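Residues in the sequence shown are numbered from 1 upward in steps of one, following my numbering.
No wet-lab data here; the hints were simulated from the structure. Among these hints, one or two may not hold up.
For lysine-lysine, the following DSSO-like pairs were computed, each having C-alpha atoms within a straight-line distance of at most 30 Å [claimed, not checked]: (1) Lys39 <-> Lys65; (2) Lys57 <-> Lys26; (3) Lys71 <-> Lys57; (4) Lys39 <-> Lys57; (5) Lys26 <-> Lys71; (6) Lys26 <-> Lys39; (7) Lys65 <-> Lys26; (8) Lys43 <-> Lys26; (9) Lys57 <-> Lys43; (10) Lys39 <-> Lys71.
Since the model is a prediction, treat every value here as computed from it, not as a measurement.
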Amino acid sequence: MTHEEVWRAIERFATEHGMSCSGLAKCSGLDPTTFNRSKRWSKEGQPRWPSTNSISKILASTGAKIQDFTKFIDAPDLGRE
1 MTHEEVWRAI
11 ERFATEHGMS
21 CSGLAKCSGL
31 DPTTFNRSKR
41 WSKEGQPRWP
51 STNSISKILA
61 STGAKIQDFT
71 KFIDAPDLGR
81 E
């Protein structure tokens, strides 16, 4: 499981639920910028991973299970949606 795979899974999860990443964050009670591409790397170039709390909130807000999310981590890269 890589940094890019987890972020791509969030993008795909949002799309599956008919939302943008920003919409998913807002629906989950998070700041709308939580999943912005600009927040995925530190200024020093270090990867920033989404928190388990953020993942938990998107699952709760959509009624999904962790398996519903992780299937997008294992999915082949189909390019950017």
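Results of checking the hints against the structure:
With a CA separation close to 25 Å, the supplied pair Lys39 and Lys65 stays within the 30 Å bound. Between Lys57 and Lys26 the alpha-carbon distance is near 10 Å, which keeps this suggested pair within the 30 Å criterion. For the suggested pair Lys71 and Lys57, the alpha carbons sit about 17 Å apart, so the restraint of at most 30 Å is met. For the hint linking Lys39 to Lys57, the alpha-carbon distance of about 18 Å falls within 30 Å, and the restraint holds.
For a cut-off of 30 Å, the pair hint linking Lys26 to Lys71 stands: about 23 Å separates their Cα positions. Under the criterion of a C-alpha separation no larger than 30 Å, the hint pairing Lys26 with Lys39 is consistent with the structure, at around 16 Å. Among the hinted pairs, Lys65 with Lys26 is consistent with the structure: their alpha-carbon atoms are about 19 Å apart, no more than 30 Å. Note on Lys43 and Lys26: the hinted pairing holds, with a Cα-Cα distance of about 25 Å set against a maximum of 30 Å.
Between Lys57 and Lys43, the direct Cα distance comes to roughly 26 Å. Compliance with the 30 Å bound is thereby established for this hinted pair. Note on Lys39 and Lys71: the hinted pairing holds, with a Cα-Cα distance of about 23 Å set against a maximum of 30 Å.
Taken one by one, the earlier hints all hold for this structure without exception.
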